[in-house]
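S.K.: Sequence:
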Amino acid sequence: MAKENKAKAFGLELSNLGKNLMETPSTTPMQKVTISKPTGRVEETRFTVHLPADLFDKVREIGFKEKKKIKAIMVEALEKYIKSY
1 MAKENKAKAF
11 GLELSNLGKN
21 LMETPSTTPM
31 QKVTISKPTG
41 RVEETRFTVH
51 LPADLFDKVR
61 EIGFKEKKKI
71 KAIMVEALEK
81 YIKSY
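Anchor point for the sequence shown: position 29 equals 29 in the working numbering, and the numbering is continuous, going up by one each time.
Keep in mind that the hints are not guaranteed to be accurate.
Subject to a maximum C-alpha distance of 25 Å in a straight line, what follows is the list of computed DSS-like cross-link-like pairs (lysine-lysine) [said to hold, decoys possible]:
1) Lys58 x Lys80
2) Lys19 x Lys8
3) Lys83 x Lys58
4) Lys19 x Lys37
Simulated DEER-style distance windows between Cβ atoms [unchecked claim]:
5) Thr34 x Val75: 25 to 35 Å
6) Pro38 x Gly18: 20 to 30 Å
7) Val42 x Gly63: 17 to 27 Å
8) Ser15 x Thr39: 42 to 52 Å
9) Tyr85 x Ala53: 22 to 32 Å
10) Phe56 x Ser36: 34 to 44 Å
11) Glu13 x Lys37: 40 to 50 Å
12) Phe47 x Ser26: 34 to 44 Å
13) Ile70 x Lys32: 49 to 59 Å
14) Arg41 x Ala7: 52 to 62 Å
15) Tyr85 x Arg41: 23 to 33 Å
It should be emphasised that the hints constitute simulated quantities derived from the structure, not laboratory data. Each residue gets a CB set at the ideal place from its N, CA and C atoms; glycine is no exception.
Please construct the entire structure, taking both the sequences and the accompanying hints into account.
M.R.: What follows is the structure in structure tokens.
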């Protein structure tokens, strides 16, 4: 009998909680969502290049010394080559 009373009391509390949630306006602050503008990123294409191991090692070493990514070094080298073409 005591378990039945606890179950009924819990059901009543749960019911009241639902009613209170529906009737009481929310006071939780809402975060404003803004859509960010494109950052002007350049469209990229992925490709694979097979390089001699010693050349790749030199490029990797340069990247480490200059704190640059291999991608940045390769883009820089290709742009320089195209300008001189």
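S.K.: Now tell me if each hint is right for this structure.
M.R.: Right, here's what the structure says about each hint:
Restraint check for Lys58 and Lys80: the C-alpha separation of about 18 Å stays at or below 25 Å, so the hint holds. Distance hint between Lys19 and Lys8 is fulfilled; the C-alpha atoms sit about 16 Å from each other, no more than 25 Å. A threshold of 25 Å between alpha carbons decides the hint, and for Lys83 with Lys58 the separation of about 23 Å falls inside it, so the pair holds. As the CA atoms of Lys19 and Lys37 are separated by approximately 42 Å, the hinted pair breaks the 25 Å bound.
For the pair Thr34 and Val75, the beta carbons lie near 31 Å from each other, so the given range of 25 to 35 Å is met. Separated by about 44 Å at the C-beta atoms, Pro38 and Gly18 break the suggested range of 20 to 30 Å. Checking the proposed 17 to 27 Å range against Val42 and Gly63 shows it holds: the Cβ atoms sit about 20 Å from each other. Taking the beta carbon of each, Ser15 and Thr39 are about 50 Å apart, inside 42 to 52 Å as hinted.
For the pair Tyr85 and Ala53, the supplied restraint of 22 to 32 Å holds, since their beta-carbon distance comes to about 27 Å. Taking the beta carbon of each, Phe56 and Ser36 are about 36 Å apart, inside 34 to 44 Å as hinted. Our hint of 40 to 50 Å for Glu13 and Lys37 holds, since their Cβ atoms are close to 49 Å apart. For Phe47 paired with Ser26, a C-beta distance near 52 Å fails the hint of 34 to 44 Å.
For Ile70 and Lys32, the Cβ-Cβ distance of about 40 Å falls outside the hinted range of 49 to 59 Å, so the restraint is violated. Between Arg41 and Ala7 the beta carbons are some 59 Å apart, a value that agrees with the proposed interval 52 to 62 Å. One distance hint, 23 to 33 Å for the beta-carbon pair Tyr85 and Arg41, holds here, with the actual separation near 25 Å.
Hints 4, 6, 12, 13 from the earlier list are contradicted by this structure; the remaining hints agree with it.
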